[in-house]
Amino acid sequence: MEFKDTLVPGTLDVLMLRIISQGPIHGWGIAQRLKLLSREVLQVNQGSLYPALHKLEAGGWISAEWKATEEGRQAKFYALTGTGKQRLAEEQARWTRLAAAMEWVLNS
Amino acid sequence: MDTAGGSHGVGAELVRLFRRRPTDAELDRELQFHLEELIASHLRDGVEPGEARRRALVEFGQLDPAKEAMRDIRWMEPLRRWWWDLGYAMRYLWAAPGFTMAAVLSLALGIGANTALFSILNTALLRLIPVERPEELVWFTIDPADGSGRRLNYPFWESLQGDRRWGPVFCTFATTGSVSDAAKTERVELELVSGNYFGVLGVKPLRGRLIAPDDDRHPMGHPVAVVSHAYWQGQMASDDRAVGRTLRINGTAFTVIGVTPPGFAGSEPGFRRMVFVPMKMKRVATPGWDALDKPLVSWLQIGARLPAGADRVALGHELHARYHAFQRTHLDADRKLTPGQKEYFRRWQLSLETMRDAALDRRVRDHLKTLAWVVAALLALACANLAGLLLARGLDRQREIATRLALGAGRWRVVAQLLTESLLLGLGGGAAGLMLGSWCAPAIARQFPLAGAGSEFEVRLDATVFAFTLAVSLVACLAFGLLPALQSTRLDLLRAIKGAGQSRERRRVRQWLLAAQVAIAVVLLTVAGGFGLRLQAVLATDVGFNRERMLVAEIEPMLLNYSNTERIALYRRLEGKLHEAAKRTGSGFTAAALSTVIPMSHFNWSTLFFVDGKPRDVIPRANQVGPGYFQMMGIPLRQGRLLDERDDAGAPRAAVVSERTARMAFPEGDALGRHFMADPRAPRESTFEIVGIVGDIELNDPRRPSREMVYFPYRQWPFPAQAMAIQVRLSAEGSVGTALTSIRQAVAECDGDLPLYGARTTEESLDMLLAAERLSALLGGFFALAAALLSAIGLYGVLAHEVALRRREFGVRLALGATTRLIVWPLMRETIVFTLAGVAAGLLALAAGGLWQSSVAPAAVAVLLLAASIAAWLPGRRAARIEPAAALRCD
Chain A
1 MEFKDTLVPG TLDVLMLRII SQGPIHGWGI AQRLKLLSRE VLQVNQGSLY PALHKLEAGG
61 WISAEWKATE EGRQAKFYAL TGTGKQRLAE EQARWTRLAA AMEWVLNS
Chain B
1 MDTAGGSHGV GAELVRLFRR RPTDAELDRE LQFHLEELIA SHLRDGVEPG EARRRALVEF
61 GQLDPAKEAM RDIRWMEPLR RWWWDLGYAM RYLWAAPGFT MAAVLSLALG IGANTALFSI
121 LNTALLRLIP VERPEELVWF TIDPADGSGR RLNYPFWESL QGDRRWGPVF CTFATTGSVS
181 DAAKTERVEL ELVSGNYFGV LGVKPLRGRL IAPDDDRHPM GHPVAVVSHA YWQGQMASDD
241 RAVGRTLRIN GTAFTVIGVT PPGFAGSEPG FRRMVFVPMK MKRVATPGWD ALDKPLVSWL
301 QIGARLPAGA DRVALGHELH ARYHAFQRTH LDADRKLTPG QKEYFRRWQL SLETMRDAAL
361 DRRVRDHLKT LAWVVAALLA LACANLAGLL LARGLDRQRE IATRLALGAG RWRVVAQLLT
421 ESLLLGLGGG AAGLMLGSWC APAIARQFPL AGAGSEFEVR LDATVFAFTL AVSLVACLAF
481 GLLPALQSTR LDLLRAIKGA GQSRERRRVR QWLLAAQVAI AVVLLTVAGG FGLRLQAVLA
541 TDVGFNRERM LVAEIEPMLL NYSNTERIAL YRRLEGKLHE AAKRTGSGFT AAALSTVIPM
601 SHFNWSTLFF VDGKPRDVIP RANQVGPGYF QMMGIPLRQG RLLDERDDAG APRAAVVSER
661 TARMAFPEGD ALGRHFMADP RAPRESTFEI VGIVGDIELN DPRRPSREMV YFPYRQWPFP
721 AQAMAIQVRL SAEGSVGTAL TSIRQAVAEC DGDLPLYGAR TTEESLDMLL AAERLSALLG
781 GFFALAAALL SAIGLYGVLA HEVALRRREF GVRLALGATT RLIVWPLMRE TIVFTLAGVA
841 AGLLALAAGG LWQSSVAPAA VAVLLLAASI AAWLPGRRAA RIEPAAALRC D
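Protein sequence lines correspond, in order, to chains A and B.
Last residue of the first sequence: number 108 in my numbering, and the count goes up by one each step with no gaps.
Last residue of the second sequence: number 891 in my numbering, and the count goes up by one each step with no gaps.
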């Protein structure tokens, strides 16, 4: 059994925005992408994923559209809006700064 | 920048403002997609399907059912919930265009057929002529309708005036006449009406005034006319000063006194009368016969407006007694009728028939009633077919439905969702059916003059038709939607999610549906085949003359005020030209003749038959003919000679009778050479020698047995006839067009002003005559084929779906060495059993309904079995061709 970390609170939004920024993607894809990019360290279950996605959608940072997947199945695809891009840039900068700060402290 | 509909941009922002959260249904779909992807990922990792599903469900985590329930309570507004369902249903149907198209089209066919027939019935039977309280109006009708129908006499009508038992009683008679305006002369539909006609009907004038009792007092004393709104708009170009203008009707000047309101065109629905004149002016309207003083000449239609609350049947009995009391004195006093003819009058059964029932002949109504059953059965079949489709679809959606149920949605919630989809399909099919029906119905009404030749119902969409279609659509969508919805939601959750496939019971339901479809199709095919056979039998009836390739056109010299001698001179000249043209190649015809009776039309004359001053017991049909008539018609000579050029005006009067006439009037067989008198008014001029006997024919209607005939040379007939029919036999290479040009040329050479009208082939006349039969055969046949096709498609759908579902299983069995026969046969066997059960049920229904036709039913069964075999063979072949490896790889 491998060890899986739970997400640091407050980080899910920015992680999802980052993944969505790479092109329209459905919820399942986001979860898979997160697993892959974090080298299986970070995982999100659907119970947190979808409410978070809908919150982002309601906030206007992402938009959603029903489209066919490569296999021709209907799925809800999310894409970044203009304000979403802005927010991602801000958050990205903030988290990079924070992570660097953490590393300095922890490795001092 | 995207527009408002896009998912980005200002528009989307606005949309988002109003949409607080995704709908439940949308959420379900999103979660379901996630769940399925999860399962698929496990499968890719090589986990067994059952285990993959189990694991996925565990990882996915069940939503708290209590939370779900909370959500249902929070959103109690059922309307709002239904609104979500509607959106979901729309997206769902949109995403399955093939299924949606198939469903909507088959429904459209069923609903369209019902709408078309209903709108015709609505116009012909339900919507009456535009007068005050039309439901109170009745006709005095003679039963059994043995040809006399509603024909009574004028003295009887006069005797009823002052008697208020039947309410006010009016009378009317329709005919055609020549009407000349300042510019042109036309043949126009006339209606002779009693003075109280418009008052009793309650028609109010659009312009001027209508005919009143004071306009109908003295014979030939009231040259006034009322024109219909259509005539005023068309022929009079909506002239503001129409009232006061003069119209010449058959040469006599009439003053226009008023215009009827829009839509009013006489008292018989389906016919368009243009000009109304007082009854007392009858001698002008029908030159040559008056009969206003004849108690035993039957021609007049009598109608009444019954007092409110009157007992129609009882009043009918009173009328019957009253008529026979009136007639007895006249019958007793009459010396021109034989005892047999008097007996014929005494047999008459009089009753009161509502105008609504009278609009269409009973025969035509029976045809329409049968057709109504046919279209209802077609709709039932379409519904059964759709229910089958939906059940199949329900199987495909088992996982989706199971997921939704598992996520805590109540069963009724899902049923409502599924019904919403049916509702959408039903409304879609209804809309398409309404379009189809409203497009077909007027065309059908034009093609098939149901109220008789020359009639045409103007079929329009109205609120009644609309409501009917809506109701039919709603009933249909419940009928095909409820069963599958209940079936699909009553499932074993675990089995369904595990993909264990369909339950046996559900397959049974589909097979019963299939059997029902087959049964309906058997009945429809047999009934339609019966219609077709009957029509064919009528068409194949030997009418005694050759009615192939015959063209008829009419002239009416009366329109140009010809005198009787001028008329005969004109005919003689015309005959010469036509006979010349017939010998010429390129004229388009090989023989030509004149006669006053048009074959296959309702128009006919009868004559009395006196021998040695005493009437004989026969009332033959009379026809005035010119030389060459029998040769052109192909009527064979039995004895004596035919009429020819020597039987001209001034020559000894000679006539030809048919075999039946000869036999009935001269039972001793000595008809040839005997004399008879046709009209006691002119005993000398109407006495003819029988110079020939010809074969029997039925000139007017092939459905009736042939009648007695007498043929007079028109040149020797002492009374004026209204119109003359030019009849020609088309040559083998001659077209109607060339023949018509030749005829027109011949007429023009005789009188350049004489119009030629009513050109038609005898086949066309026959088509008009057999409108109801043709309608039944054509529509019935079309609907029956549609029914066979629908049930074949249904069968194919059931089997193809079964094969697709069990592909994996078949693959395994094939891989394990099963022969294709072992795979395909059990699959086919059940289908065959249910098809045969359907056939048997259909045959039983035929026998029970008295519709059994031994000449058609086997063919109907054969057609269905053939269709069923093809429909079953295609999926069977697919099952046999499954490649085990491929089948196993996919799932």
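Certain hints may be false.
Said to hold, decoys possible - Here are the simulated distance ranges between beta carbons:
#1 V833(B) <-> K55(A): 16 to 24 Å
#2 L486(B) <-> K55(A): 35 to 43 Å
#3 Q92(A) <-> E809(B): 49 to 57 Å
#4 E40(A) <-> A416(B): 55 to 63 Å
As the list claims (entries may be wrong) - Chain B is nowhere near these chain A residues, computed Cβ spacing over 12 Å in every case:
#5 Q32
#6 V41
#7 L49
#8 L53
#9 Q74
#10 L88
#11 A93
#12 M102
#13 L106
#14 S108
Claimed, not checked - Here are a few chain B residues that sit away from chain A, every Cβ distance over 10 Å (derived from the structure):
#15 R29
#16 E59
#17 F156
#18 D290
#19 H317
#20 G752
#21 G817
#22 A885
Derived from the structure by calculation, the hints contain no laboratory data.
Heads up, the beta-carbon is just placed ideally off N, CA and C, and yes, glycines get one too.
Outcome of the hint check:
For the hinted restraint 16 to 24 Å between V833(B) and K55(A), the CB-CB distance of approximately 58 Å leaves it violated. Checked against the given bound of 35 to 43 Å, the beta carbons of L486(B) and K55(A), roughly 38 Å apart, stay inside it. A C-beta distance of roughly 53 Å is found between Q92(A) and E809(B), which places it inside the suggested range of 49 to 57 Å. At about 43 Å, the beta-carbon gap between E40(A) and A416(B) misses the expected band of 55 to 63 Å.
In this structure Q32(A) is not separated from chain B by more than 12 Å, as the shortest Cβ-Cβ distance comes to only about 8 Å. For V41(A), the requirement that its beta carbon stay farther than 12 Å from each beta carbon of chain B is met, with the minimum near 18 Å. Not every beta carbon of chain B lies more than 12 Å from that of L49(A), the smallest distance being close to 8 Å; the non-interface claim is violated. Not every beta carbon of chain B lies more than 12 Å from that of L53(A), the smallest distance being close to 9 Å; the non-interface claim is violated.
Against the 12 Å criterion, Q74(A) falls within the reach of chain B, whose nearest CB is about 6 Å from its own CB. Remark: the non-interface label on L88(A) is consistent with the geometry, its nearest Cβ contact in chain B lying 15 Å away (cut-off 12 Å). Distance to chain B confirms A93(A) as a non-interface residue, since its nearest Cβ pair spans about 24 Å, more than 12 Å. No Cβ of chain B comes within 12 Å of the Cβ of M102(A); the nearest lies about 31 Å off, and the non-interface call holds.
Taking the minimum C-beta to C-beta distance to chain B, about 33 Å, the non-interface status of L106(A) holds against the 12 Å cut. Taking the minimum C-beta to C-beta distance to chain B, about 40 Å, the non-interface status of S108(A) holds against the 12 Å cut. With a cut of 10 Å on Cβ distances, R29(B) falls inside the contact zone with chain A, its closest approach being about 7 Å. With a least CB separation of 8 Å from chain A, E59(B) falls inside the 10 Å interface cut-off, contrary to its annotation.
Annotated as non-interface, F156(B) keeps its C-beta farther than 10 Å from every C-beta of chain A; the closest such distance is 78 Å. Separation of D290(B) from chain A is adequate, the least Cβ-Cβ distance of about 82 Å exceeding the 10 Å criterion. For H317(B), the requirement that its beta carbon stay farther than 10 Å from each beta carbon of chain A is met, with the minimum near 73 Å. In this structure G752(B) is separated from chain A by more than 10 Å, as the shortest Cβ-Cβ distance comes to about 75 Å.
For G817(B), the requirement that its beta carbon stay farther than 10 Å from each beta carbon of chain A is met, with the minimum near 33 Å. Separation of A885(B) from chain A is adequate, the least Cβ-Cβ distance of about 21 Å exceeding the 10 Å criterion.
The structure shown violates the earlier hints numbered 1, 4, 5, 7, 8, 9, 15 and 16.
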